[in-house]
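Q: Build the full structure now, drawing on both the sequences and the hints.
Heads up: the sequence shown is residues 9 to 305, going by my numbering.
Hints in this document: simulated from the structure, not taken from any laboratory. A portion of the hints provided could be inaccurate.
Quick list of in silico lysine-lysine cross-link-like pairs, DSS-like style, CA-CA up to 27 Å [unchecked claim]:
1. Lys49 - Lys30
2. Lys18 - Lys49
3. Lys73 - Lys30
4. Lys160 - Lys126
5. Lys30 - Lys18
6. Lys53 - Lys14
7. Lys73 - Lys126
8. Lys30 - Lys53
9. Lys126 - Lys30
10. Lys49 - Lys73
11. Lys163 - Lys211
12. Lys211 - Lys160
13. Lys73 - Lys53
14. Lys30 - Lys14
15. Lys126 - Lys162
16. Lys126 - Lys211
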Amino acid sequence: MLDELKTFIKCCECGNFSAAGKALVLSPSSVSRQIDNLEAKLQTKLFRRTTRQLILSDEGHFLLKRAEDILALVDDAIASLRQQHSEPEGRLRISVFDSYGRLRIAPLLPQFLALYPKVSIDIELENQIVDLYRDAVDIAIRIGPPEDSRLKAKKLTDGRTLLCASPDYVQRFGSPQTPDELAQHNCLLISRGRRQAWWHFRKGQEYRRVQVQGSIRSAGGTPLLECALQGAGVTLLTQWSMQPYIDEGRLLQLLPQWDASLYAEKSAEIYAVYIDNHYMRPAIRAFLDFLGAQIPQ
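A: This is how it looks when you write it as structure tokens:
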């Protein structure tokens, strides 16, 4: 029926069977036969025919718009399938918040480019939320799922957070034995403007919300991590940023029996966000699949 729909649309464009036949490289009789077959399948008349032109019936007008949409979807599907089998190439623009980009994404880029040598990458490390449409960004890596319904998201990791301090800090100021004791410590904080800072703790059915304060605030985690390593205070950051230093003994996990979070409800999961098109460029698809294989959940 797709061929008959294409012939129907061409007849509407040309106004008669002869002109449509020339455009489709078909005889007028073949065009007429296809329209007859389509009308028989639909059990309705699509044209009022005169000796010089075709006049669309009400049913013909109804079908024309929908036939154009159907063929557009088919063309998109074919283009998508062809692109899936194409070799990834071209420039890929990526925006990722600073600490995660520096520690987790940038080290993976040489391996990705070795797999796909026709791809080049522009990467921006920034803590502000970018507009993928306005800034022509292909993939943005963010904390939390996107609020824009036009965007799609692929979860990369759960974003678990740990409470840590250096051995030097613990030796000088002690280790908190309960979440409430953090109110007596210098806490290195993610900045949220002038709002008060709260840290959240759960252990089984038990929940604690602790108001914390300290001498250093930052919009990104990298400065806080560096200060914690120098013994400046206690910080609550993602496991992926602190685990290497815990393994080296340069940081100690505090209150390990509690699940600690910067949020009461909001998730700290990390997502790769991209525009929801009918079909995806092979380079974007390849990079998303690569991240999914390389980054542990």
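Q: Are the hints correct? Go through all of them and say.
A: Checked hints:
{"no.": "1", "hint": "Lys49 - Lys30", "verdict": "holds, 25 Å"}
{"no.": "2", "hint": "Lys18 - Lys49", "verdict": "holds, 19 Å"}
{"no.": "3", "hint": "Lys73 - Lys30", "verdict": "holds, 23 Å"}
{"no.": "4", "hint": "Lys160 - Lys126", "verdict": "holds, 25 Å"}
{"no.": "5", "hint": "Lys30 - Lys18", "verdict": "holds, 10 Å"}
{"no.": "6", "hint": "Lys53 - Lys14", "verdict": "holds, 17 Å"}
{"no.": "7", "hint": "Lys73 - Lys126", "verdict": "violated, 40 Å"}
{"no.": "8", "hint": "Lys30 - Lys53", "verdict": "holds, 23 Å"}
{"no.": "9", "hint": "Lys126 - Lys30", "verdict": "violated, 42 Å"}
{"no.": "10", "hint": "Lys49 - Lys73", "verdict": "holds, 18 Å"}
{"no.": "11", "hint": "Lys163 - Lys211", "verdict": "holds, 25 Å"}
{"no.": "12", "hint": "Lys211 - Lys160", "verdict": "violated, 33 Å"}
{"no.": "13", "hint": "Lys73 - Lys53", "verdict": "holds, 16 Å"}
{"no.": "14", "hint": "Lys30 - Lys14", "verdict": "holds, 14 Å"}
{"no.": "15", "hint": "Lys126 - Lys162", "verdict": "holds, 24 Å"}
{"no.": "16", "hint": "Lys126 - Lys211", "verdict": "violated, 49 Å"}
Violated hints for the displayed structure, listed by number in ascending order: 7, 9, 12 and 16.
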